[in-house]
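Student: What follows is the residue order along each chain.
Number of protein chains: 2
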Amino acid sequence: MNTTLKPAYAKTNDAVDFQTNPSDYRHWRLSFDGRVARLALDVDETAGLTPGYELKLNSYDLGVDIELYDALQRLRFEHPEVGAVIITSANERIFCAGANIKMLGLSSHAHKVNFCKFTNETRNSIEDASEFSGQKYLCAVNGPCAGGGYELALACDHISMIDDGATTVSLPELPLLGVLPGTGGLTRLVDKRCVRRDRADYFSCTEEGIRGERAVEWNLVDEIIPASKFDEVIAAHALEASAQSDRPDSEPGIVLDNLERTFSQDSLSYPNVDIVIDRKLRTATITISAPSEKPESDLESIKRAGSQFWAFAFARQLDDAILHLRANEDQIGTWLFKTKGAIEHVEQIDAILMEFSADWFIREVTLYLKRVLKRLDVTSRTLISAIEPGSCFVGTLLEVALACDQVFMLEGEYEGNPLPPAQVSFSKMNFGPLPMVNGITRLSSRFLANPDRCDDLKGRIGERLEAEAADAAGIATFTPDDIDWDDEIRISLESRASFSPDALTGLEANLRFAGPETLESKIFARLSAWQNWVFQRPNAVGDQGALVLYGSGSRPNYNKQRV
Amino acid sequence: MNTTLKPAYAKTNDAVDFQTNPSDYRHWRLSFDGRVARLALDVDETAGLTPGYELKLNSYDLGVDIELYDALQRLRFEHPEVGAVIITSANERIFCAGANIKMLGLSSHAHKVNFCKFTNETRNSIEDASEFSGQKYLCAVNGPCAGGGYELALACDHISMIDDGATTVSLPELPLLGVLPGTGGLTRLVDKRCVRRDRADYFSCTEEGIRGERAVEWNLVDEIIPASKFDEVIAAHALEASAQSDRPDSEPGIVLDNLERTFSQDSLSYPNVDIVIDRKLRTATITISAPSEKPESDLESIKRAGSQFWAFAFARQLDDAILHLRANEDQIGTWLFKTKGAIEHVEQIDAILMEFSADWFIREVTLYLKRVLKRLDVTSRTLISAIEPGSCFVGTLLEVALACDQVFMLEGEYEGNPLPPAQVSFSKMNFGPLPMVNGITRLSSRFLANPDRCDDLKGRIGERLEAEAADAAGIATFTPDDIDWDDEIRISLESRASFSPDALTGLEANLRFAGPETLESKIFARLSAWQNWVFQRPNAVGDQGALVLYGSGSRPNYNKQRV
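Line by line, the protein sequences give chains H and U.
Residues in the first sequence are numbered consecutively from 4, following my numbering.
Residues in the second sequence are numbered consecutively from 4, following my numbering.
Excised from the complex, chain H in its bound form (with noise of 0.2 Å):
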C-alpha cells in the first residue's frame, strides 16, 4: 500500500510532510531583484498544522517553519545568483509574533521538543549560509518583533529595525508564559551578539520589549531606521552585501525536483536511501545504496546532472527520512544504518567533492551534507551502524558510521556468501569538510585523547581496513564473527528497546559531543536541555500552567519553589 504523505498545511493529524514548494507556500513571500532576494512573511491564519489555533499576528507553527526550510534551501540550490536575502514581513501591522502560544499550549511535550529542534535547525542554517555559502541574511523589522521572531531575527547577519513608536524587539517568553525563549535566543543574547548578562536578563524578563536607541544600545539591534527611509536603507545594505558575494552571478541554478518517495504502513523508500521498520525491535533499518554507476567526473555532465547528482540526492532523501522518522516515528527509537554498494563510487564521489571545492554547486552540495550530518548527530534516536559484507562505509558514508553510538562490523565472510569481507576507509572528507556541530571533525571527537591518531589516519586515507584492522583503528565498537553476528546485532537492538527512552536520550546528548563547545552545540545542549526541562514543568503546562491559561483571562499561580 503506497500513500503519500498530506502536504504541511492541511489540516491533518497525519504525519508531517516535510516536503514543500514554493507554489505550495501559505506563509512565505519569496521574491527576486538580481542578486537580491526576499522573504517577506505572511502567514495565512487558517492553514496552521494541524486544528485548534489560528495563526494570528504572523505566528507560527511547523508549517510556517517546513516553508522556512524549504525556502533557504532553494536559495542555496536554485538562485546561486543570490548574495543576499532580506528578511521581513508582509504584514502591515507587525514583522513576528513568535510561535504560536494556543498551538504550544495544545501540543504534546514531544512536539514541542521536536518543533524546537527543527525550528534551531533551520535558523542554524541561515548562518551556515551567511558563513560558508556567500549568503548574507539581513533582517528588516518593520514592525513588533517577538519572541521566535526575534529570535529568527537574531540568526540573520544585520538587524535594521524601523523607529515608529511603535515597533520593539523582544523575548516575551518568560514574563508572559513561564517558559524560555527556546530557539536559539538567549545564546544569541550572550553569545553572538554579546549583550552583557545584566541587560539580556532585564531584556528577556520584559514583555513589552525595547525600542529605539537603546535597543541599539543594547546592541539587541544594529539599527533603527525612520519610517521614509525604511526601505531604501535595507535596499542598499542589501545591495551592498550581495556585491561581496563569491556566488556566481549569471549561472543557472539546480532545481530541487519533488523527491520519489514510497510509503508503505512499515517502509519508505527513496533511489537511494531505503527504510524498513520492525515495529517490535522499535528499530528503523536504513539503507543507503551507493551510486549504481560511476558517477559523473566533470562539472558541466554533474550540473546536468543536478539534483540527481548522487551527493546531492543522498542528502536530500537522508535529510528527508531523518525528519520524517523523527516526527512520525517516534516510537521507533533506534535507527540501524547500513549501507550497500561500490566502494569506488563512493570514493569517486568523495574525490569529485574535493577536487571542484570551489566550485558554488559542489561547496553547497558539501555544505548540505555537513547539515543533514548534524542532524543526525542531535538526532535523539540511538544510531547504530552495521558494517557488513558488500558495505560502503567510506569517506563521507564512513561519517555516518562515526555518527552512530555504536559501531559493529563483521569480523571475516558470511558463510556461503560469496561477498568479500566487508570493508572501511578514509578519504579527505573525514577530515575538515563535515564538522559536527562542536565545530571539529567526528573523528577529532573520537578520539579527543590522542589528536596523532587523528594525523595518522589521515595518512592512511584510501586504505581498506577490515575489521581487524577497523577495530584496532578505533573505528568498530564490536567486530563479532559470522556465527554470532545476528545474535550480537539482535541482542543490542532488544536491550536498547528495552530502557528508559528519556534516559537515552540525555546520555547520547552528552556522550557525543566531547571536546569544544559552539554557539550551536550551546543552542542544542544549555538552551534545548533547559527549554525540554521548564517544557515539561507544572508551572509551565499543567492544568494551571502559563502556557495552558493563556488567553483564557486567568493568570497562571506558580509554585514559588526554586529548584
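To be clear, the hints were calculated from the coordinates, so they are not data collected in a lab.
Take these hints with a grain of salt, some might be off.
No copy labels: a pair is met if it fits in one copy or bridges any two.
Stated by the list, open to error - Straight line, CA to CA, 30 Å or less: simulated DSS-like cross-link-like pairs of lysine-lysine:
id	residue 1	residue 2
1	Lys-283	Lys-306
2	Lys-195	Lys-373
3	Lys-343	Lys-373
4	Lys-283	Lys-563
5	Lys-563	Lys-105
6	Lys-461	Lys-341
7	Lys-461	Lys-283
Using the hints, position chain U against chain H.
Tutor: Frame of chain H; chain U shown alone:
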C-alpha cells in the same frame, strides 16, 4: 528565637545543616600517615539524613556528601602537609554503590536536583585541589564501584582497581533506573578520560560494569592490581604523588573553628554575613560586612588569626549561607546582595591575597573564595546587587556584584544621610584569580565582545567609580537616584517574584555563562540540565517509573516515545 540546626545525620525532616566535623562523622574515616591522608568510606546504614531508607552497600545520601565536603575542606586547610589523598572503602564487600536509590525514589524533584548540584560541586573541588593546591587524589577501588561511586573515582587523578574477579566499575543508572549518571560521570568519561564515545555508550548501558584488562584498555581505570599487592602499590603511588607536592610539610594547619551562627525564623546571622528574609517578596537580603578594622598585613598575624582572617571567615560564612538558603529556603527565589563597611579594608585584604599568593594558606583562601563565588554562579536563584552609600563593592566583593543578574547602583546621596555617594573599584582580584566555571573571569564573560575593555579596566585598578562612571564602565545595570531607588528595587523584586521560578532558573543558567565552556560548565549545563529533565519524566518518577519501582520486584513499563 534562636534555633540550632540539627546535625546532618539526625533522622529528621528539619533543615539540612552543612556544618559538621570529624568527631561527628558517621560515614567516613579520615586518617593520616605523614604526607598521605586516607579517606575511607564506611557508610553507617542506619544514619540516613531522612527516614525511609537504609544506606546499604556503602551507598550515599546528602549527609554522606556533607561529611565528604567537610573532610575535603579540612584536608586543604588543616593539613598543609598532605600532598596525596587516597579515597577508598573501609567496607570489605564494596567500594561504593552510588547514590542510594530508595532515597532518590522518596525525594522530591527539588531535593534530587539540589543534591546532585552539591555533589557535583564537591567532586569539582577534588579536581580543584589537584590542579591548584598540590593535593593529588588517588582512588583505590577495592570492591565493586557503581554509579555515583564510580563518578567519585572519576573525579580523582588516578584510579586503581583491585583485580579480584568480583570488582567492576559501572554506571548502571540507565539500565537499572532509567536516569543518567548525573554527577559528572558522562562528561568525565568522554571529556576528562577521553573514553571513546561508542565505548562510553556501551559501558553506560551495561548494568554489570566492566573489569580487568578491558577496563584499562578503555581507560575506565588507570590500572588493575592483584589483591595481594593492592595496598602496597597504592601506598607507593601516594608516596610518590605526595613527594611532588609543593605544599609545606612542617607548617601547622589552620583549624576550621565551628562557625558562629544565629538563626531565627526569618534571619540568619554570621559575624560578616547577615541574612534577612522577606517572605512576601520571596527575597533574602544578604549583607556582607567588610573587616571592621584594618586587616592583618603580615603572614604571621594572618595565620595567627587563622579562621578569623576576614577573607577566610567571610568565605566560610557565605559558603554556608548559600548552602543553607539553597537547601532550606527554596521558596525564596531572589537574593539581594548588599555590602557595608570600609572600602579600604577590602582593598587591603585583596592586596594581601595578591602579595602573599605564593603562601599555601593564602593560596587556599583565594581558591576557596573562587569556589564560593562559583557556587553563586550556578545557584538557581535570581541574584541582584544593590550598591548604596556606605557599601564596599570593591575587588573580591565586586565579584559578588558581577555574579549578579542585575546590578543597581544609587546615583548620588541619600537625602538627609551624611554618607558620600556609593563607589565601586577594581583590584587585581578581578582580573584572574577568581574565574567562573567557564574558566574566564566575570569581567571577561561580561565584556565578551570587547576584550579591550577588560584591559582598559585593568589599567584603572584602584580608581573609585561613582554611579555614572560605573554605568559607563559597564558594571551598573541601572543607576536610579534617591527619589526612585526604593521604588525601582521594589518593582524589580516584585516582578521577579511574580515570574515562573522554573523559567527563571533556565534563563539565568543560559545568560550567566557567555564564552567558552569547560568540563565544569559542561557538567552544570549539558549534563545537569538533561538529568533534571530525565528526573521529572514519568518514566523515572511516575507511578510506574523506574526510580519508584526499584526494589519492588516489578519492572518499569516505559512509555517508549522518543522525545
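Student: Next step is simple, just say for each hint if it's right about the structure.
Tutor: Structure-based check of each hint:
In this homomeric assembly, Lys-283 and Lys-306 never come within 30 Å of each other (Cα to Cα): the closest approach is 43 Å inside a single copy and 69 Å across copies. In this assembly of identical chains, the alpha carbons of Lys-195 and Lys-373 lie at most 30 Å apart whether taken from the same copy (22 Å) or from different copies (27 Å). Within a single copy, Lys-343 and Lys-373 get their C-alpha atoms as close as 21 Å, which meets the 30 Å cut-off; across copies the closest is 56 Å, which misses it. Proximity of Lys-283 and Lys-563 under a CA criterion of 30 Å is satisfied inter-copy only: 11 Å between copies versus 43 Å inside one chain copy.
With identical chains, the CA atoms of Lys-563 and Lys-105 are at most 30 Å apart both within one copy (24 Å) and between copies (27 Å). For the homomeric pair Lys-461 and Lys-341, the shortest alpha-carbon distance inside one copy (24 Å) is at most 30 Å, but the shortest distance between copies (58 Å) is not. Taking the shortest alpha-carbon separations for Lys-461 and Lys-283, neither the intra-copy value of 41 Å nor the inter-copy value of 64 Å comes in at or below 30 Å.
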